[in-house]
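Using the hints provided, position chain L relative to the given structure of chain G.
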Amino acid sequence: MYFTESFVSVMIIFALIVISVAVIVLLALLITDIKNKKLW
Amino acid sequence: MISPETGWILLGALSVLWILLGIYWGRKAKSMDGFMLAGRNVGLAFGTATVMATWVTSNTTMLAPQFALELGVWGMLAYSTGAFGLLLFAPLARRIRSLMPGGYTSGDFIRLRYGKATWILFLVISIFYGFTWLISMGMAGGILMNAIAGIPYVTGMTIILAVCTGYTLFGGLYAVIGTDYIQSLIIMAGIVIVGIAVMNQVDLDSVYNHLRTNKPMLLKTLQPAAMMAVFNNLLFGLGEVFHSNVWWSRAFAIRSEVGKKAYILAGFTWLPIPVAAGFIALTSGALGINVTSPDMVGPLVAANVLGKAGAVVVFAVFFCSLASSVDSLLAATADLITEDIYRKMINPSANQRKLRKISSFIVLGLALLAWLVCLPRIGTLATVLFFAGPAVGSTIWPVAAGLYWRKANAKGAIWGMLAGSLAGLAAYFTLGWYTASLTGAAVSMIVVIVCSYFFPDNFDWRRLNEYHGDTAQKASSHVFH
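Protein chains in written order, with our numbering: chain G, 18 to 57; chain L, 141 to 621.
Looking at chain G on its own, in the form it has when it is part of the complex:
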């Protein structure tokens, strides 16, 4: 039994998408914290 090509492909593409979204989320959180004066 082997991992299928589609499983491996989806896993890798999904990982790259999640990391990209995480960058955007972190930037959005920073802006929100600065606006609400809750950075520190």
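No lab work stands behind these hints, which were simulated from the structure alone.
Mixed in with the good hints, there may be bad ones.
As the list claims (entries may be wrong) - Here are a few chain L residues that face chain G, going by a calculated C-beta distance under 10 Å:
(1) R395
(2) F408
(3) L411
For each residue, glycine too, the CB sits at the ideal point set by N, CA and C.
Showing chain L alone in chain G's frame:
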């Protein structure tokens, strides 16, 4: 990969940036609460980023590809299970903050919950682990600078340790957390850039077919050793996060209302990174790259695909992943030694100025000791890191049970840690590194549960609030004077 001149320029630019930012943020550290815990008011953005960046170590970016190369798809998944440490620590972070509003270290908890003997054993394990992690980071720094830019091993390792020591000394946790934010963005952006570049160079179809033909074992769904590695890594990760003051200090530092959320977000952000890093390694065969050292496969592939620009990106990613962990380790281990050993055991009447001075000396001493141990290359990164696994795994149950279960007691905690560590070490040498944490955690769990059943405690949670919740008053008395 890049010329030593480019390497020196990059190294210099990043070093100056972190030190300047450390000095800038460090101006906020006007008290011990500020220096050690960034004022206990860190917001969600900085909280999430610091947890995530600290957990992305050079081991993530070097060992995850090595795992993928040696254990295949299961290896990538095994490394990803490290995220469960952060995800499962999230509720603990909230509980820690509510039970110990004025706490400083994980040692504080063990001392108040289980007493002096368990506390001392815990400190030995925790400091040993922190130091082992620090050494593996220092060594990785030297190896990477040498492999990517041709900078001599000792020089690269020395500069990384010196820069992190510098800004940690100036700014304490303010500097650590502030720089972690920028470092986390560089790490994630860099991994995505390299991942996409690799996909542009070689399609997933070719990678899969190359593996299926030449290394089918890496795609097998049933690989006993790799599946053991999944559980071992999961438990190692849990143990690392549950006991280490690196994570406890952040639980104390992040605002109480967002601590849990920060750990959950960081866990989900970290989860895909070993998969992306592992994928980069798996493409090495299809790209025709000759891998001479498995822990260098990530940088090799990136440089091969992106050329000089790729090597620059990889250099920045590795420097950030190293710095974000080395600074945290220096700060958290120094806090543990200052608070638990110096203040609690040696000089309880020390004022804040004295404590700050001692803390600075300890940061310097730790860095110097790590530098001395790193001078010769001891072994592979996995060997160094996983040697601490059994002891780390054996702390999971004493910590988790101690936070939620009144019946958990000192007997169970101390014997759980001792028996778990010894059994785990025996497994490390007889069965393999991939069983060590698993054995340590399992034995410790049995001991903690059996002792709680036969010698039940009835712990009063209020005893954990050493300062009786008067954090504001305590904080004001912690201003340096």
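Query raised in the report: Of the hints stated earlier, which fail here?
Result: Going through the list in order, the structure violates no hint and respects every one.
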